[in-house]
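Listed in order, the protein sequences are those of chains A and B.
Under the numbering used here, the first sequence has 73 at position 73, and the numbering climbs by one with no breaks.
Under the numbering used here, the second sequence has 259 at position 259, and the numbering climbs by one with no breaks.
Hints in this document: simulated from the structure, not taken from any laboratory.
Don't take every hint at face value.
Heads up, the list lumps identical chains together, so a pair's fine if it works in one copy or across two of them.
Cut-off 20 Å, straight-line C-alpha distance, at most; resulting in silico cross-link-like pairs (SDA-like, lysine to any residue) [stated by the list, open to error]: (1) K279 with N241; (2) K283 with D216; (3) K25 with K279; (4) K228 with S28; (5) K279 with D235; (6) K264 with H225; (7) K279 with E236; (8) K25 with A239; (9) K279 with G66; (10) K279 with S243.
All of these numbers come straight from a predicted model, not from anything done at the bench.
Protein chains: 2
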Amino acid sequence: MGNSMCGHLLAAGYRATVFNRSPAKAASLVDRGATLVDSPKQVAERSDVVFTIVGFPSDVEQVILGDDGVLSGSAEGTTIVDMTTSKPSLAERIADVAASRGVASVDAPVSGGDTGARNGTLSIMVGGLEDDFNRLQPLFQLMGSTVVHQGGPGRGQHTKMVNQTLIASGMIAVCEALLYATRAGLDLNTVLQSVSSGAAGSWSLSNMAPRMIGGDFDPGFFVEHFIKDMRIALDEAAAMNLSLPGLALAQQLYQAVVAQGHAKDGTQALILAMAELNKIDWKGQTG
Amino acid sequence: MGNSMCGHLLAAGYRATVFNRSPAKAASLVDRGATLVDSPKQVAERSDVVFTIVGFPSDVEQVILGDDGVLSGSAEGTTIVDMTTSKPSLAERIADVAASRGVASVDAPVSGGDTGARNGTLSIMVGGLEDDFNRLQPLFQLMGSTVVHQGGPGRGQHTKMVNQTLIASGMIAVCEALLYATRAGLDLNTVLQSVSSGAAGSWSLSNMAPRMIGGDFDPGFFVEHFIKDMRIALDEAAAMNLSLPGLALAQQLYQAVVAQGHAKDGTQALILAMAELNKIDWKGQTG
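So that you can see chain A by itself, here it is in the shape it has in the complex (with noise of 0.2 Å):
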């Protein structure tokens, strides 16, 4: 996703310093004009503005923080604005680390996914100061289409575990409706044009039913990925006092789903492990 978020940069005009752990995966940029160099120290080091997107909070600590990380790089007046979804309670601790750096930092993590990403139509999510968001929204606009303030440091992490939440009970739905309407002898994609346009309609019916029935389990969205994200939201609401059960559900079959070996594949992927619950064959009703 960072590949095609950089492609939009450079596009409209701006130079991009460029840092991956496989350089490979930059090459494309580096064709199009951007400079690879060997950190994110050295990213820091040539950038008045600062994206970072990998993959677990780990690694967010690691390459902002850490040794060769964006922030010893980083001058007084740069800005670090951090894409991963992570937990907002790092992102308030980073936002912390570089003000007293005179560093600003902005967590505005993504949804949308790949072709959100390729099409510049991400939905953008941002937590930080409001001068700093304004400073960057001319960025912003060239990657996502919905980008919204969404309050201070942290705000914009706490608004993807909104998104996550949401997301988490819904494919719960999509995949106890096929799984009723298989064993019900309904045809399934007729079933669809009944319910998908109506108050059952969702996003997920109408792009992962199909994936589903297909049997097309490609990513996508990686179920670890997806699994990672659930666990920061529960950590975060059982620290805020709050009992979320829906999503705890969610998580615990998601957890089967990488018991069963599909960590890699996508979340589409927990029809899986919620067929084999049922004793049902899910590649017989595909094949």
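Since the structure of chain A is already known, use the hints to place chain B on it.
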């Protein structure tokens, strides 16, 4: 809803004979030319096609199979169309009994609510013989914009159960998202701007979250009817040897909504029970 649906038939030039336990509710149809009679049996004696839409499966059983019920007044060649959301197994039984008397029976539950009924934009999910479906199509098309034949008797009801299963976990998702956002100190309407149009989007989020936020718990769709639907779906699932943990959780959470005195409120009242569970005074959120 029956009033609006019958109104479309009258407007198209069909003659109608109507019955309601509360005759006043049929007054506007009588004003438009419908004939009011004293029993479902008398409706059937004067009609080629008899539509029923009532509350619970026990009502369906009484209105169609009971003394003075539709079947007792149906001549050979009559068609009975039950549009109540009711048990698939009851729909199959009615079709069997009807067939033994030369009467056709079709199950055709709807989604789309009061608004869909008024505007003729319901989704009508039809179970029954194909010939019967085809013969009824001109009538269905006056009431709905999505009319799909889902298979033999009971398959319309099964499809409606799929629809309600989707809504059930989807409503948990919406409530947990709003509770998380509340505890995280986010502005709820601003959060909706970020999450409504992407992968987390759903009809429930777009239509129910604003009512929850605004403290509007008018039905829409009654909690007590939704509970009934989920109970039917869970019973049918159990009979099909199918475990649906998300639906079971939703049914239990809605049981708490009833326990808190909201059986006659709209389904968006789920937020009240889930807020109470977390000692959040939701009225305080919306005041």
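Verification of the hints:
1. K279 with N241: Intra 37 Å, inter 10 Å, cutoff 20 Å: inter-copy only.
2. K283 with D216: Within one copy only: 10 Å inside, 44 Å across.
3. K25 with K279: Neither. Shortest intra-copy (41 Å) and inter-copy (49 Å) distances fail the 20 Å Cα cut-off.
4. K228 with S28: Close neither inside one copy (29 Å) nor across copies (57 Å); limit 20 Å.
5. K279 with D235: Cα proximity of K279 and D235: across copies only (19 Å, versus 32 Å in one copy).
6. K264 with H225: within (9 Å within a copy, 41 Å between copies)
7. K279 with E236: between (35 Å within a copy, 17 Å between copies)
8. K25 with A239: neither (37 Å within a copy, 52 Å between copies)
9. K279 with G66: Close neither inside one copy (47 Å) nor across copies (40 Å); limit 20 Å.
10. K279 with S243: between (31 Å within a copy, 10 Å between copies)
Hints 3, 4, 8, 9 from the list above are not met by this structure, while the remaining hints are.
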